[in-house]
Each structure stands twice: as structure tokens, then as C-alpha cells.
Amino acid sequence: MEIAYYPGCSLHASSQLYDIQCKLVFRNLGMELKEIEDWNCCGATAASKTDDFLAIALPARNLGLAAATGLPEIIIPCSSCYSRTLISQKTLAADPALKDAINAELGHKIEGSIKVSSILEALLAKVKSGELAKQAVKKLEGLKPACYYGCLLTRFPIDVAVPDDVENPQGMETVCEALGAEPVDWNYKTDCCGASSSISDAEQSLLLMSRILRDAVDRGANCIVATCPLCQFNVDAYQDQVGKRYGIKKRLPVYFITELIGLSMGIDPLEMQVDRHIVDAMGLLKELKLI
Amino acid sequence: MSSSVLQYEAAVSQPLVEEVMKRSGQNLVACYQCRRCAAGCPVGEEAGVTPDQLIRMILLGDREAAVNNLLVWKCVACYTCGTRCPNNIQTARITETLKQMGKKAHAAPLLPRVADFHSSFMAATGHFGRFNEIEGMAIYETKTAVKELLKGKLKAVIDEVIGQLKLGAEMTKKKRMHVGLDRIKNRSEIKALYKKAKNR
Chain U
0 MEIAYYPGCS LHASSQLYDI QCKLVFRNLG MELKEIEDWN CCGATAASKT
50 DDFLAIALPA RNLGLAAATG LPEIIIPCSS CYSRTLISQK TLAADPALKD
100 AINAELGHKI EGSIKVSSIL EALLAKVKSG ELAKQAVKKL EGLKPACYYG
150 CLLTRFPIDV AVPDDVENPQ GMETVCEALG AEPVDWNYKT DCCGASSSIS
200 DAEQSLLLMS RILRDAVDRG ANCIVATCPL CQFNVDAYQD QVGKRYGIKK
250 RLPVYFITEL IGLSMGIDPL EMQVDRHIVD AMGLLKELKL I
Chain G
0 MSSSVLQYEA AVSQPLVEEV MKRSGQNLVA CYQCRRCAAG CPVGEEAGVT
50 PDQLIRMILL GDREAAVNNL LVWKCVACYT CGTRCPNNIQ TARITETLKQ
100 MGKKAHAAPL LPRVADFHSS FMAATGHFGR FNEIEGMAIY ETKTAVKELL
150 KGKLKAVIDE VIGQLKLGAE MTKKKRMHVG LDRIKNRSEI KALYKKAKNR
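Sequence lines, in order, name chains U and G.
The opening residue of the first sequence carries number 0 in numbering that gives the first Met the number 0; numbering runs sequentially from there.
The opening residue of the second sequence carries number 0 in numbering that gives the first Met the number 0; numbering runs sequentially from there.
Treat the hints as calculated values from the structure; they're not laboratory data.
Accuracy of the hints is not assured; some may be wrong.
[Claimed, not checked] In silico lysine-lysine, BS3-like type, Cα no more than 27 Å apart, as pairs:
1. Lys285(U) with Lys174(G)
2. Lys248(U) with Lys174(G)
3. Lys89(U) with Lys195(G)
4. Lys142(G) with Lys249(U)
5. Lys243(U) with Lys184(G)
6. Lys165(G) with Lys243(U)
7. Lys98(U) with Lys190(G)
8. Lys102(G) with Lys285(U)
9. Lys98(U) with Lys22(U)
10. Lys194(G) with Lys108(U)
11. Lys197(G) with Lys22(U)
12. Lys184(G) with Lys98(U)
13. Lys33(U) with Lys184(G)
14. Lys154(G) with Lys249(U)
15. Lys174(G) with Lys190(G)
16. Lys89(U) with Lys190(G)
17. Lys102(G) with Lys98(U)
18. Lys89(U) with Lys142(G)
19. Lys288(U) with Lys142(G)
20. Lys243(U) with Lys190(G)
21. Lys98(U) with Lys172(G)
22. Lys243(U) with Lys152(G)
23. Lys165(G) with Lys249(U)
24. Lys21(G) with Lys142(G)
25. Lys190(G) with Lys154(G)
26. Lys243(U) with Lys154(G)
27. Lys243(U) with Lys173(G)
28. Lys190(G) with Lys108(U)
29. Lys98(U) with Lys194(G)
The following block holds chain U by itself, in its conformation from the complex (with noise of 0.2 Å):
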């Protein structure tokens, strides 16, 4: 089965290997992820914060585009796309005047109906429906997550009805239940990490990485997970900054969830480029006999 796919800026550069990762595992649950053509950037956070036509328009494009696939789900597998994506089309839906002069200037038209889906949305179906279970047949005995959920899974700044508590969300422990994993249960997992502020106020987000860090490591976790690139890529690149700063001696590697279902279903580590983690990924499953 096919379905809609838009990886975003980050997986086609700095976390190409989420973009490797998701193709693989996808395509071991039955499901082709077919990339839209010629999207472009969602303008993430810069756009919102300087311009409210762009914010909505820039993702409204790519709904034009996933639109002309035909496709009738697409999935995004950064929070700051999702959540840019998805605030577009409900944006639109409300507001026919603004969708007309942004369709004025698109070829592939906007239309409305496009199932717009988180990679964590998609992958919690194929738990119900027993998929996963199937096809993950490896338990990751051992391995103790802290589930990483960041802001914008389960926070929007408009109504969208989310399918998990916004403050205490489960969906990535049920995913990590079904692999085995014994996911710890912490403080910090819907807290901010600073996304871009770890280039433009740094100070701010080291800080705001240490509250993070330090209750992972409090709460007996031996890794932390995400589905977000850019959290990902901030808790993992900048840690050993924090560590360092805020007195925290232990690292825990950054895993991508889509890196603990190819584990499971029995994918090569190194396919899956587990190895280009900034904080080593590759020794916990070594020590653990996972690999």
C-alpha cells in the first residue's frame, strides 16, 4: 500500500538517516512511502514568528501537492512539519477567502481532504491492527527509554483534537511496550528542548536540555527516544555541552523510534546509519546484546 510522504529540510540533510530509517520500516509493515514531488520547506518556526501569510502558505503548497497524488494519508515524520502542516489545513478549511488567494498562486491546487498524519499516529496503527508485532519479532530486553515527546505533537496553537493526553501522552511507550522495551516513566517529556534556540539563544536552550537530560538520567533511563528530528538532533548534538555546564556526568544516546522498530525487526544497525548518532548509539545495544 502507498502513502503520501514528506520528509521536510532535516531529513534531507543533517537526519538523513530518519529519512533511510522511516522508508525501511514502513516498507517492512507493508506500506510504501512515496515522497511528494517537488515539496518545499514549511517554513517551521522562523515563518510563524515573522510572517502569518507565509507560515500558512508555505505548508498549504505541499497539501497542493500531496493533494495530486491521490494518496488518501500522508505522513510527516517532524513534529515542526506535522504541526506547521497540519495548523495550515485546518487554517484553510476556516478560512475560504485566504485559501483562494494562496490557490491563485499554486498549480496543484489545496484541497482540504488529506489525512495528515505524525510518523507516531501511523506507526500506533500498525500496533492496533498487530502489524508491528508481527514483523518486530527481536525484544529490546533491556533497554529503558525515555520517551521524548517535545511540544508539537501534542500542542498546537490552534483546536486540533489530539489522540493522546497532551500532558502526560502515551502513544511512544505503547510503542515501545510492544518491542519490549521498559520505558521509564519521567517529568520532562513534553518540555521544550529549544529547538532553534540552541543556535540564537543558546544559553536559553542548554538550560532548558539540562532539565531534560538531568530527569532522564534521575529516572533510570538508559536512552532517550524521539520521533522529532530537531529534538533529536539538539538533545543528542548539544549534550555533552549541557552535561558539561549543569554537572551531568552520564550521555544517553538519542534514538530515533524508528531506530528501535528496525532493531526489533531484525534491520543491520549500520543500514540504518546508527552509527552517525553524535552521543555513540551503537555501544548500549552492544552492551545490552541487542546487536
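Starting from the known structure of chain U, fit chain G onto it as the hints suggest.
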């Protein structure tokens, strides 16, 4: 806001309140200062202003304080304030609105790096239709370095360059550095949308 007695004049407040409400779409007169937003705001303490205080500034018609405060610049758009607000007010949308109003009024950004990052991101995206990390970062680093050098902040520039080189080296080692430039075919559509945005 420094006075202990709140000054309120409807004629002063009304234009600001109406402007922010219209642009942000947020019903900020519904705020009854319960401060659930303040309790959840991850940057309120460092900003020295919490979302409830920002709303109060607007309701009191203090345009200068509302546009020029660190919360507007430090807000990470995590949407915690709005998710917890019993009256469904998204203060993150208000910080976005105030930032845009400040820009329109040619107010200098309190945190120039934040402004530069967002404008660099939008410039890079407008250029090729996709955000290329290497291009966006090059624009951003150049913008900030020029500004800081003009202010004589040589050490800040050196620290920034060293920090970025370290991160770049680590990323290169782990093959996370992407040097190619992604571009879309139909860039004219992106240009048309940017043009429309400018003219609105």
C-alpha cells in the same frame, strides 16, 4: 509597569488591545490572570516576563513594554501557555504578533540573534524553496558577525565561530553534515507566495 498602582485609560488601551486581538486571533480580554501559563512557561523566569504579565501590558495599553520585552524574543513557541489556558488564549501567538508589530514599527530587536536566525531561515527558504542548513547558517553567521563586529564585540564573534566549528567538526565526523544544496524545481511559486506576503 513599574508603578504599584495600575494605570488604566480605555482610550489608550483600546487601540492596542484591538490591534493585537485582530492580528493574533486571540481573545485576550478573557484573561483573568490565573497564571497557569506562567507556571508552565519554560522561558518566563529568564525573560523576567511571564505570559500573564504580557497580556496585562497589552490590556493596560503599554505598547512600548508589550513590544519591547524579553518574552517576545525568548518565546520558543512551545504552546504550553495556550494548551493550559482555561480561556484558550495562545500567548505564543501574541508574542509572534508583537514581534511582527515591532518589526513594522522598526523597533530594534532585543535579541538580534533570534531575529537574525528567523530572517536567515526565511531568506534561505525563499531562495531555493528548501531550508539548506549550510546556506541558512552561513547567512545567519554572517549577519550576526557583522553586527557584533560593528559593536566591537570581537570576543563574541570568536566564541561563536569556535563553537560552530566544534559542532561542525563533530557533525562531519558522524557524517551529519550535509553540504549539497537541495532546491525545488518550481521556485517561481515560492517567489510568488513571498511576493504576495510582502504586499499584504
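Hints, one by one, checked against the model:
Between Lys285(U) and Lys174(G) the CA atoms are separated by roughly 21 Å; this keeps the pair inside 27 Å, and the hint holds. For the hint linking Lys248(U) to Lys174(G), the alpha-carbon distance of about 25 Å falls within 27 Å, and the restraint holds. A hinted pair counts as satisfied when its Cα atoms are at most 27 Å apart, and Lys89(U) with Lys195(G) qualifies at roughly 21 Å. Straight-line distance between C-alpha atoms of Lys142(G) and Lys249(U) comes to about 36 Å, which puts the hinted pair past the 27 Å bound.
With a CA separation close to 44 Å, the supplied pair Lys243(U) and Lys184(G) exceeds the 27 Å bound. Distance restraint check for Lys165(G) and Lys243(U): the Cα-Cα separation of roughly 15 Å lies within the 27 Å cut-off, and the hinted pair is therefore satisfied. Under the criterion of a C-alpha separation no larger than 27 Å, the hint pairing Lys98(U) with Lys190(G) is consistent with the structure, at around 17 Å. Simply put, Lys102(G) and Lys285(U) have alpha-carbon atoms about 53 Å apart, too far for the 27 Å limit, and the pair is violated.
Between Lys98(U) and Lys22(U), the direct Cα distance comes to roughly 32 Å. Violation of the 27 Å bound is thereby established for this hinted pair. Proposed proximity of Lys194(G) and Lys108(U) is supported: the alpha carbons are some 18 Å apart, at most 27 Å. For the proposed pair Lys197(G) and Lys22(U), the alpha carbon gap of about 38 Å is over 27 Å, so the pair is violated. Of the supplied pair hints, the one linking Lys184(G) and Lys98(U) holds, its CA atoms being roughly 23 Å apart against a limit of 27 Å.
About 18 Å separates the Cα atoms of Lys33(U) and Lys184(G), which keeps this hinted pair within 27 Å; it holds. Under the criterion of a C-alpha separation no larger than 27 Å, the hint pairing Lys154(G) with Lys249(U) is inconsistent with the structure, at around 31 Å. A hinted pair counts as satisfied when its Cα atoms are at most 27 Å apart, and Lys174(G) with Lys190(G) does not qualify at roughly 32 Å. Between the alpha carbons of Lys89(U) and Lys190(G) the distance comes to roughly 24 Å, so the proposed pair stays at or under 27 Å and holds.
As the CA atoms of Lys102(G) and Lys98(U) are separated by approximately 26 Å, the hinted pair is consistent with the 27 Å bound. Proposed proximity of Lys89(U) and Lys142(G) is contradicted: the alpha carbons are some 35 Å apart, above 27 Å. Distance restraint check for Lys288(U) and Lys142(G): the Cα-Cα separation of roughly 49 Å exceeds the 27 Å cut-off, and the hinted pair is therefore not satisfied. Using a Cα cut-off of 27 Å, the hinted pair Lys243(U) and Lys190(G) is violated, with the two alpha carbons roughly 44 Å apart.
Our distance criterion of 27 Å between C-alpha atoms is broken by Lys98(U) and Lys172(G), whose separation comes to about 45 Å. In summary, the hint linking Lys243(U) to Lys152(G) is supported, as the alpha carbons are separated by about 26 Å, within the 27 Å threshold. Taking the CA atoms of Lys165(G) and Lys249(U), the gap is about 21 Å. The hint holds against a cut of 27 Å. At most 27 Å may separate the alpha-carbon atoms for a hinted pair to count; Lys21(G) and Lys142(G) exceed this at roughly 32 Å.
For the hint linking Lys190(G) to Lys154(G), the alpha-carbon distance of about 38 Å lies beyond 27 Å, and the restraint is violated. Simply put, Lys243(U) and Lys154(G) have alpha-carbon atoms about 22 Å apart, close enough for the 27 Å limit, and the pair holds. Taking the CA atoms of Lys243(U) and Lys173(G), the gap is near 21 Å; set against the 27 Å cutoff, the hint holds. Between the alpha carbons of Lys190(G) and Lys108(U) the distance comes to roughly 17 Å, so the proposed pair stays at or under 27 Å and holds.
For the hint pairing Lys98(U) with Lys194(G), the CA-to-CA distance comes to about 16 Å; that is within 27 Å, so the pair holds.
The structure fails to meet hints 4, 5, 8, 9, 11, 14, 15, 18, 19, 20, 21, 24, 25 from the earlier list, while all remaining hints are met.
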